[in-house]
Amino acid sequence: MTRLFDRMANAPWLFLAPALAVYAVFAIWPMIDVTLVSFQRWNGIDPTRDFVGLANYTYIFTQDPVFWTAFRNTLIWTALSLVFPPLAGLLLALALNQPLFGRATLRAVFYLPVIIAPIAVATMWRWMYDPFFGLFAQLLTNLGIGIPDFLGDPDLALYSVFIAYFWQQVGFSMVLFLAGLQSVDASLVEASQIDGAGRWNRFKHVTLPAITPTMTIVLVLSLIQSLKAFDIVYGLTGGGPSQSTQMLALWAFSQSMQVFDFGRGGAISVVLLVITVGVVIPYLRWSQRREEQLK
Amino acid sequence: MKQMIAATRRDPVLMGLWLSLLVFALIWFAPFVFIVFTSLKSSPEIMTSGAFTPPGALVTQNYATAWNRGGFDHAFFNSVFVTVIKVPLGLMIAALSAYALARMKNRWNKLVLLFIVFGTMIPFQVMLAPLFTLVNSLGLVDTYLGLILPYLAFGIPYQIFILHSFFKSVPKELSEAALIDGASHFTTFRRIFLPITLPVMAALLILDFVATWNEFAMALVILQDADKWTLPLGLMSFQGQFSNEYGQLNAAIVMTVLPAVLVYLIFQRYFVSGLTSGAVKG
Amino acid sequence: MTNSHRKTVLGRLLCAATLGAGALGALGTTGAMAQEIDIWTLNFSSEKANNALNAIAQEFEEANPGVDIIWTQRGVDELKTALRVSAGTDSGPDIFFSWAGLGLGGEYVAAGMSQPLDSYYDSYKWDDTLLPTAAAFASSYGDGHKHGVPFTFKGEAVYYNKALFEKAGITEEPTTYDALVAAAQALKDAGIPAFAFGGSVNWHVMRLMDVLLETECGAQTHDALVAMEANWSETPCATEAFAQMQMWGENYFLKPFMGIDQPQSFNLFVAGRAAMMLEGNWLVQQLNEVSDLDNYGLFAFPTGTDRLYGFAEYHYISAGADDPDMAAKFLDYFNSTDVQQRYLGAMTTNSVNADVVYENQLPLETEWNALFAQYDAMFVNGDQGFPASVTAEYFRVINQTATGDMTPQDAADALQSYIDNLG
Numbered sequence: 001m002t003r004l005f006d007r008m009a010n011a012p013w014l015f016l017a018p019a020l021a022v023y024a025v026f027a028i029w030p031m032i033d034v035t036l037v038s039f040q041r042w043n044g045i046d047p048t049r050d051f052v053g054l055a056n057y058t059y060i061f062t063q064d065p066v067f068w069t070a071f072r073n074t075l076i077w078t079a080l081s082l083v084f085p086p087l088a089g090l091l092l093a094l095a096l097n098q099p100l101f102g103r104a105t106l107r108a109v110f111y112l113p114v115i116i117a118p119i120a121v122a123t124m125w126r127w128m129y130d131p132f133f134g135l136f137a138q139l140l141t142n143l144g145i146g147i148p149d150f151l152g153d154p155d156l157a158l159y160s161v162f163i164a165y166f167w168q169q170v171g172f173s174m175v176l177f178l179a180g181l182q183s184v185d186a187s188l189v190e191a192s193q194i195d196g197a198g199r200w201n202r203f204k205h206v207t208l209p210a211i212t213p214t215m216t217i218v219l220v221l222s223l224i225q226s227l228k229a230f231d232i233v234y235g236l237t238g239g240g241p242s243q244s245t246q247m248l249a250l251w252a253f254s255q256s257m258q259v260f261d262f263g264r265g266g267a268i269s270v271v272l273l274v275i276t277v278g279v280v281i282p283y284l285r286w287s288q289r290r291e292e293q294l295k
Numbered sequence: 001m002k003q004m005i006a007a008t009r010r011d012p013v014l015m016g017l018w019l020s021l022l023v024f025a026l027i028w029f030a031p032f033v034f035i036v037f038t039s040l041k042s043s044p045e046i047m048t049s050g051a052f053t054p055p056g057a058l059v060t061q062n063y064a065t066a067w068n069r070g071g072f073d074h075a076f077f078n079s080v081f082v083t084v085i086k087v088p089l090g091l092m093i094a095a096l097s098a099y100a101l102a103r104m105k106n107r108w109n110k111l112v113l114l115f116i117v118f119g120t121m122i123p124f125q126v127m128l129a130p131l132f133t134l135v136n137s138l139g140l141v142d143t144y145l146g147l148i149l150p151y152l153a154f155g156i157p158y159q160i161f162i163l164h165s166f167f168k169s170v171p172k173e174l175s176e177a178a179l180i181d182g183a184s185h186f187t188t189f190r191r192i193f194l195p196i197t198l199p200v201m202a203a204l205l206i207l208d209f210v211a212t213w214n215e216f217a218m219a220l221v222i223l224q225d226a227d228k229w230t231l232p233l234g235l236m237s238f239q240g241q242f243s244n245e246y247g248q249l250n251a252a253i254v255m256t257v258l259p260a261v262l263v264y265l266i267f268q269r270y271f272v273s274g275l276t277s278g279a280v281k282g
Numbered sequence: 001m002t003n004s005h006r007k008t009v010l011g012r013l014l015c016a017a018t019l020g021a022g023a024l025g026a027l028g029t030t031g032a033m034a035q036e037i038d039i040w041t042l043n044f045s046s047e048k049a050n051n052a053l054n055a056i057a058q059e060f061e062e063a064n065p066g067v068d069i070i071w072t073q074r075g076v077d078e079l080k081t082a083l084r085v086s087a088g089t090d091s092g093p094d095i096f097f098s099w100a101g102l103g104l105g106g107e108y109v110a111a112g113m114s115q116p117l118d119s120y121y122d123s124y125k126w127d128d129t130l131l132p133t134a135a136a137f138a139s140s141y142g143d144g145h146k147h148g149v150p151f152t153f154k155g156e157a158v159y160y161n162k163a164l165f166e167k168a169g170i171t172e173e174p175t176t177y178d179a180l181v182a183a184a185q186a187l188k189d190a191g192i193p194a195f196a197f198g199g200s201v202n203w204h205v206m207r208l209m210d211v212l213l214e215t216e217c218g219a220q221t222h223d224a225l226v227a228m229e230a231n232w233s234e235t236p237c238a239t240e241a242f243a244q245m246q247m248w249g250e251n252y253f254l255k256p257f258m259g260i261d262q263p264q265s266f267n268l269f270v271a272g273r274a275a276m277m278l279e280g281n282w283l284v285q286q287l288n289e290v291s292d293l294d295n296y297g298l299f300a301f302p303t304g305t306d307r308l309y310g311f312a313e314y315h316y317i318s319a320g321a322d323d324p325d326m327a328a329k330f331l332d333y334f335n336s337t338d339v340q341q342r343y344l345g346a347m348t349t350n351s352v353n354a355d356v357v358y359e360n361q362l363p364l365e366t367e368w369n370a371l372f373a374q375y376d377a378m379f380v381n382g383d384q385g386f387p388a389s390v391t392a393e394y395f396r397v398i399n400q401t402a403t404g405d406m407t408p409q410d411a412a413d414a415l416q417s418y419i420d421n422l423g
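Those protein sequence lines, which keep their order, are chains A, B and C.
When we follow full-length UniProt numbering, the leftmost residue of the first sequence carries the number 1, and every step to the right adds one.
When we follow full-length UniProt numbering, the leftmost residue of the second sequence carries the number 1, and every step to the right adds one.
When we follow full-length UniProt numbering, the leftmost residue of the third sequence carries the number 1, and every step to the right adds one.
Worth double-checking, as some hints may not be accurate.
Okay, derived cross-link-like pairs now, SDA-like style, lysine to any residue, Cα gap no bigger than 25 Å in a straight line [what the hints assert, rightly or not]:
#: 1; chain 1: B; residue 1: 110; chain 2: A; residue 2: 32
#: 2; chain 1: B; residue 1: 168; chain 2: A; residue 2: 282
#: 3; chain 1: A; residue 1: 228; chain 2: A; residue 2: 78
#: 4; chain 1: B; residue 1: 110; chain 2: A; residue 2: 18
#: 5; chain 1: B; residue 1: 172; chain 2: A; residue 2: 293
#: 6; chain 1: A; residue 1: 204; chain 2: B; residue 2: 179
#: 7; chain 1: C; residue 1: 80; chain 2: C; residue 2: 51
#: 8; chain 1: C; residue 1: 255; chain 2: C; residue 2: 169
#: 9; chain 1: B; residue 1: 168; chain 2: A; residue 2: 78
#: 10; chain 1: B; residue 1: 110; chain 2: A; residue 2: 280
#: 11; chain 1: B; residue 1: 110; chain 2: B; residue 2: 179
#: 12; chain 1: C; residue 1: 48; chain 2: C; residue 2: 255
#: 13; chain 1: C; residue 1: 48; chain 2: C; residue 2: 59
The hints are simulated quantities; they were obtained by calculation from the structure and are not laboratory data.
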């Protein structure tokens with residue numbers, strides 16, 4: 001008995017088993033299953049799933065009235081997420097890395113939205129965007145400006161949602177950059193100060209090179225984060241008005257879980273999955289090479 | 001602190017920077033003020049008073065009404081229950097795996113690690129429907145277990161990744177001495193590695209608490225029964241039903257958000273270290 | 001430890017994990033002691049309705065010892081999903097609530113989730129007591145068999161603010177479509193938006209499209225369109241209905257409307273920001289709670305056909321019900337004249353039972369009963385007539401037309417092309 005226990009206490013697969021089992025069943029299998037179902041027709045009720053070849057893909061690429069809107073929105077959203085939150089986060093991090101009075105409190109304020117549930121952020125902003133009694137309606141009326149229909153205007157809604165997302169995400173980039181800035185060699189900064197280098201030159205030649213790896217990480221994380229955008233869109237617009245704020249993740253969900261066309265929903269998921277993997281694999285290879293270089 | 005004040009005063013650029021940061025911080029914080037103020041106003045007051053006018057008479061009744069109408073007693077219990085089970089359990093099995101990958105001989109280690117790190121990057125939002133189909137086929141829809149298992153699956157990869165790089169950095173001598181003395185890997189893990197991991201574990205614990213507490217999409221597909229809903233689902237449903245009861249709606253927001261905010265304020269420093277230890281230094 | 005040994009350990013662990021999961025799952029669903037009738041229904045926002053359900057269940061349990069009636073209540077979308085979920089398993093209910101239209105109840109019947117009730121209709125003589133308009137849906141989708149028993153039926157019509165009508169110089173309730181448009185114009189001239197709609201919930205604006213289709217196409221063509229038998233892009237009245245939709249959206253809605261939902265639009269209507277709302281008879285209770293009913297009037301949307309806009313809600317007995325006889329007995333009790341009379345007003349102001357007597361009604365409720373008496377046919381909401389996927393597209397083109405982002409012809413074409421591509 002003791003010997004059996006000893007053996008178990010030294011078996012690597014036993015250590016790995018719980019995590020691997022749950023991970024394989026609940027994270028990897030759905031990924032395989034979604035790929036399978038994307039070649040099938042299934043409405044969630046029928047006992048059988050019929051194999052239909054590429055029909056679901058042909059449909060979403062050529063017939064689906066919303067797919068390309070969702071695709072375009074996902075691209076716009078990703079582009080915006082790659083530019084604004086990281087940029088603002090970097091600026092904030094640089095500023096809050098200075099010896100400023102109350103900087104811990106300031107950092108906390110910018111980070112606070114990060115820890116709030118995205119669905120609560122959506123609910124908050126929906127109320128602030130309320131065209132009759134909301135925050136912006138009040139402020140703009142006081143300024144004598146007409147109130148745009150933030151969430152109701154199809155040309156505006158996506159950007160209104162993004163502003164809420166931006167408000168929430170800035171702190172995330174900021175914290176990562178702040179951590180990266182700690183790796184900047186203080187002696188180098190001092191040396192360049194003594195050399196009389198200006199702030200800009202100091203930033204360009206000392207700080208920037210030191211935080212380049214951080215920048216890559218922030219961008220990749222922002223990218224992945226943006227592809228995941230679901231809760232905030234669901235809560236703010238549900239993809240409306242007239243599907244103008246649909247995104248791939250949400251459209252896949254709607255097709256499967258609201259319209260109960262699991263095949264078409266699966267095909268949309270696979271498109272998004274392929275995009276994600278297309279980003280993830282090169283990144284993983286990059287970070288592995290970097291790790292080996294560090295060794 | 002005094003030095004900081006002095007530095008700020010000396011440098012006009014820093015002074016300007018500080019002022020503009022202050023303005024931005026106020027803007028960033030303003031939504032919270034607006035939400036809390038609204039949550040304490042009556043409906044007529046909301047429609048007539050200014051956004052940042054403090055509430056006249058505090059209508060705390062909004063909280064009680066929202067609590068009852070939204071079934072927040074159930075939602076609160078469910079959120080707490082799921083979080084309390086899932087977070088420590090997930091960390092435990094993640095730590096076991098991370099130890100095995102970092103310290104136990106196995107020629108598959110590298111591949112397994114890659115396989116798991118891959119999971120940190122894949123958005124589960126893509127797989128909501130198959131996840132639902134899976135949980136349903138196991139008969140676990142509307143059960144805590146049905147929610148906890150997928151939560152574990154999508155939570156552990158990141159934790160394994162972080163803990164693995166931490167275990168790797170522990171000096172070899174420390175564990176080898178124990179192993180030579182005849183201790184098993186499990187004992188080494190429990191007696192030597194767990195204690196020194198506590199700070200990292202604490203950081204991961206807090207991060208995972210917030211992530212679990214806030215999770216919405218998976219709960220949306222797995223929990224169909226209102227009695228099993230977690231707080232985010234309760235809030236969403238409340239908004240759908242009572243979007244015209246602004247005071248109560250905002251009270252509901254505050255109640256949903258408050259626990260996470262409190263945890264954040266108490267354990268602030270762990271957040272930053274938890275977020276950054278893996279991503280930046282690793 | 002050999003390699004094969006490792007495999008078995010891992011295999012056993014996985015096995016145990018799966019078994020454990022199954023056992024835990026089972027714990028949640030079994031444990032029946034008494035004879036349970038599990039009924040899945042909606043969460044009713046009125047507390048009175050929820051209490052009535054429980055009270056009726058208790059009465060039935062007292063009369064039938066050993067029977068335990070369990071109401072499981074869910075929100076609209078949750079109920080729809082839960083029914084899907086249960087379809088393939090034995091964890092389903094004995095009785096379930098659904099809207100009776102083709103896209104909902106019709107789909108469940110087609111999928112074999114409901115069982116035919118012809119024998120119960122015969123033995124309990126339900127057709128003698130049920131209102132024909134309400135009972136009509138039972139024989140609609142079952143290939144000659146009867147499915148489901150009516151629970152409630154609802155009408156939708158135009159509520160208007162009397163003071164605002166007066167202010168705009170409108171003295172009579174519009175009885176023709178042209179008169180309604182003229183009234184809207186008169187309101188607009190007086191600076192009053194005619195209709196309040198909440199566009200973010202798609203089904204609200206859809207109501208206007210439904211009645212416009214009925215107005216422009218008449219009953220027969222409207223039904224053919226919704227049944228997807230007539231071609232939308234080649235049926236001129238469909239395009240004309242979209243054109244009218246656009247006209248209303250452009251001129252006579254309280255704006256902005258796409259960014260708000262139905263409860264918000266209701267608030268604005270009560271606040272006198274718009275003159276009319278296209279709402280169901282359930283609104284009477286809500287309106288009564290926040291305002292004085294004497295300030296409001298009611299008229300059927302003047303479609304020019306002899307059908308009332310509305311829908312029926314049904315109770316279906318599951319194909320897999322443990323004891324269909326007991327379930328039918330409960331439904332018979334639920335719809336009995338005695339129960340319906342005593343709980344009148346709790347769940348709905350009008351009963352599906354024709355023998356119920358109406359007294360002491362709120363003023364608008366009397367008007368509703370007059371409307372129900374006036375019509376003996378119905379046309380249902382688009383989202384109940386269409387399959388779910390077409391409904392999503394119907395929503396999209398209506399919204400685009402209402403906001404002026406799509407021409408009426410394009411809307412009709414888009415909808416038809418979507419229908420052509422149905423899987």
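Numbers of unmet hints, in rising order: 6, 9, 12
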